[in-house]
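*Asks:* Here are the chains, one letter per residue:
Protein chains: 2
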Amino acid sequence: MMIREDCAALDAADKLAGCRARFALPAGTIYLDGNSLGAMPANVPARMKVAIEQEWAEGLIRSWNDADWYPAPQRTGDRIARLIGAGQGEVIVADSTSVNLFKVLVAATRMRPGRGVILAERTNFPTDVYIAESVAEMTGCELRCVDPEEVMSAIDENVAIVSLTHVNYKTGKRYDMEAMTRRAHEAGALVVWDLCHTAGAMPVYLNRCEVDFAVGCGYKYLNGGPGAPAFVFVASRHLEHVRQPLSGWHGHAQPFAFTHEYAPHAGIDRMLTGTAPQLGLISLESALEAFDGVDMEALREKSVSLGDLFITLAEQELAGLGFTLATPRDADQRGSQVSLRHAEGYAIMQALIARNIIGDFRAPDILRFGFAALYVRHVDIWDTIAALKDIVTSEAWNTEAFRTRKSVT
Amino acid sequence: MMIREDCAALDAADKLAGCRARFALPAGTIYLDGNSLGAMPANVPARMKVAIEQEWAEGLIRSWNDADWYPAPQRTGDRIARLIGAGQGEVIVADSTSVNLFKVLVAATRMRPGRGVILAERTNFPTDVYIAESVAEMTGCELRCVDPEEVMSAIDENVAIVSLTHVNYKTGKRYDMEAMTRRAHEAGALVVWDLCHTAGAMPVYLNRCEVDFAVGCGYKYLNGGPGAPAFVFVASRHLEHVRQPLSGWHGHAQPFAFTHEYAPHAGIDRMLTGTAPQLGLISLESALEAFDGVDMEALREKSVSLGDLFITLAEQELAGLGFTLATPRDADQRGSQVSLRHAEGYAIMQALIARNIIGDFRAPDILRFGFAALYVRHVDIWDTIAALKDIVTSEAWNTEAFRTRKSVT
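Sequence lines, in order, name chains A and B. The numbers in the working numbering rise by one with no breaks, and the one at position 158 of the first sequence is 158. The numbers in the working numbering rise by one with no breaks, and the one at position 42 of the second sequence is 42.
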């Protein structure tokens, strides 16, 4: 039997405990939804104040040069590169994950002419499937959408690109990136990984796994702020062959030459389209300082510790209360979240949020708990499980206010 | 002969003079580059502080509901609608101009099956042509790119969509939106107008002109901040027929139902793709308050007054100094900028900027001066022309520092 003091002891021994002070967390709140919107790093407001009141208001147009706005997408991409096992010049920040996926999928079909299939899987994050469907329609490809366990066997010589979400947004289940990428390459296919629920949550080894493309989100575990711009990775060996369809001026070899003909930039800049969203980009860039000096393997170790603890305590404290585990027990098969199923999941989550413990709900019955290891503590896990136990045993969830759906997200 | 006092008198009589106080302009600077990056409205920092330090840091994920983040793209679009003659629910804020143009052009080719031509013109802003080229390749259409004076006659029964930049970014020359749209419709074609250099600069009457689609920029005359998100207009009569290719989850009828199948939202939301860039969006939304109570016809009147004054003074003061007017003299044929050509334009502009008078330069020889009528004064025009005169007559531009290109933008 674990008790709260055991959790406190784990926190006392936590080498990353000091990172929590890098975030401005609201008092009295336990935040387990960093997989949806990351908490705010404490250095962001001061940086944004400078960006807005000095660089924009005083510097005006000059700041594109003088405040180094222009190279911010590349610079921020290089910062993210370290977290996902990419090299310098292989990652750039731009647009949204959906838009970047569109670029990559079209580029990939062009790199594999004669192959008519885009392979995706049914439990990919929905937008990934919607985008793949659109790309298939526009490129004359077939979208082959299979169940997760069928992906491996569905990769054949007709597949141009395999598009997979690395960590499932509902269950937290994680693919074996290396094995799946190898299988795709054996069949001559390319692969793109959606890292929305991985980047910043745990180490990723894109180059070690010989991944071709990746896309991901800036506002979850990277803590870039609401709607922060996304990133896109292209392996350097592919860069010169990539022709992406959203060929806007910022992807041009010389954007400010304003030539009539499009000529893609030689490097990762070719993945850009329009003017970079500087305010969001500056927020993301400064937020990434929260990872300074953080060893990603140590981060993973803590993330596993938090996840294992959550599962252990859920079994110890919530047995017989109607919860089932939706996430693989084996840490090697999961990301940095644990999900529970419960028939009254929506109302239970509302009741939990009312107690300032914030996770989220995904239909039909999933309660999601994300563990951003930079700021979540082991005692937070204890307190969350204890609250869940109390909410269910006392039927605190069973009120009109909690049962009625009102939130959009 | 006009003298500076005449300009001061014009300012004294200016009914919009009070609007200048709505902006935080740097002391001692004349800013004539609002057509590239708008000045910062004075209310923005306080709003951003709340967005960052309260809504994000304290509200966290709850702010998507509680701080009304979720409907911000629609709400901000509705605010822009008034400025461009659109109805409520016809404009939404999303992505960049380039990305929005891609959506519109593909959607238009789908609405005109059997017509194989996208018609653009050579002096469109380059990104518009690059994007049209990509859409042509992906849809199997031909991109027909003609000279400005040939557009009217190039519209035939093969044209699916006519894509035009309303006000030319270099010369400030403006198309007759109504006549061109009518001609396109007579031939059965659709039309999309790029309003980057029009929205917020002067009234636009999209619905009166029966325009089909429009796209535009949030960071120029709308003053939304560096890289502010763009907007897209779809005439309500077309909305249900529009199938845009960047079919991300936020354009779905029910984004948070996470269904496997894409079903477009019934309204303008279908033009969305990924998660809205909230920080940029909030900045843009609050910046638009600078237009509160401003009659767009009155704004245009002042813009014309500033432009006419600039041309008059240029002729009076700069005669024989190597300048030529690149912008139509007739106000009915121009936007809210005046451009001068000069063989030493680059160095002259650098010398001008060194005196805190900020315009910009576009190769090979264009000096651009944008007149954001909410904050530019008639005396600013006088002082700019006087500085140009001094810089050229004294050859102050002719230094190594000014002649050497170093700015990216």
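The set of hints was computed from the structure by calculation and includes no laboratory data. Keep in mind that a hint or two might mislead.
It does not matter which identical chain is meant; a pair holds if it fits inside one copy or across any two.
In silico SDA-like pairs for lysine to any residue, Cα to Cα no more than 20 Å straight-line [as the list claims (entries may be wrong)]:
#1 Lys170 to His260
#2 Lys170 to Thr259
#3 Lys170 to Ile3
#4 Lys173 to Thr259
#5 Lys49 to Arg22
#6 Lys173 to Ala266
#7 Lys173 to Arg62
#8 Lys170 to Glu261
#9 Lys170 to Gln254
#10 Lys15 to Gly85
#11 Lys389 to Arg355
#12 Lys170 to Ala298
#13 Lys173 to Met152
#14 Lys389 to Gly322
#15 Lys389 to Thr324
#16 Lys173 to Phe258
#17 Lys15 to Leu239
Note that the coordinates shown come from a computational prediction; the quantities given were computed from them, not determined experimentally.
*Asks:* Next step is simple, just say for each hint if it's right about the structure.
*Replies:* Status of the hints after comparison with the structure:
1. Lys170 to His260: between (46 Å within a copy, 13 Å between copies)
2. Lys170 to Thr259: Cα proximity of Lys170 and Thr259: across copies only (13 Å, versus 46 Å in one copy).
3. Lys170 to Ile3: neither (29 Å within a copy, 70 Å between copies)
4. Lys173 to Thr259: Cα proximity of Lys173 and Thr259: across copies only (19 Å, versus 47 Å in one copy).
5. Lys49 to Arg22: Answer is both; intra-copy 18 Å and inter-copy 19 Å each pass.
6. Lys173 to Ala266: Neither: 37 Å inside a chain and 34 Å across chains, both beyond 20 Å.
7. Lys173 to Arg62: Neither. Shortest intra-copy (47 Å) and inter-copy (25 Å) distances fail the 20 Å Cα cut-off.
8. Lys170 to Glu261: Between copies only: 17 Å across chains, 44 Å inside a chain, cut-off 20 Å.
9. Lys170 to Gln254: Between copies, since 17 Å is at most 20 Å while 42 Å is not.
10. Lys15 to Gly85: Result: close neither inside a copy nor across copies, 22 Å intra and 59 Å inter.
11. Lys389 to Arg355: Intra 13 Å, inter 69 Å, cutoff 20 Å: intra-copy only.
12. Lys170 to Ala298: neither (25 Å within a copy, 54 Å between copies)
13. Lys173 to Met152: For Lys173 and Met152, only the intra-copy Cα distance (16 Å) is at most 20 Å; the inter-copy one is 57 Å.
14. Lys389 to Gly322: This pair counts as within: shortest intra-copy Cα distance 11 Å, inter-copy 82 Å.
15. Lys389 to Thr324: within (14 Å within a copy, 79 Å between copies)
16. Lys173 to Phe258: between (46 Å within a copy, 17 Å between copies)
17. Lys15 to Leu239: neither (38 Å within a copy, 55 Å between copies)
Consistency note: the structure conflicts with the earlier hints numbered 3, 6, 7, 10, 12 and 17.
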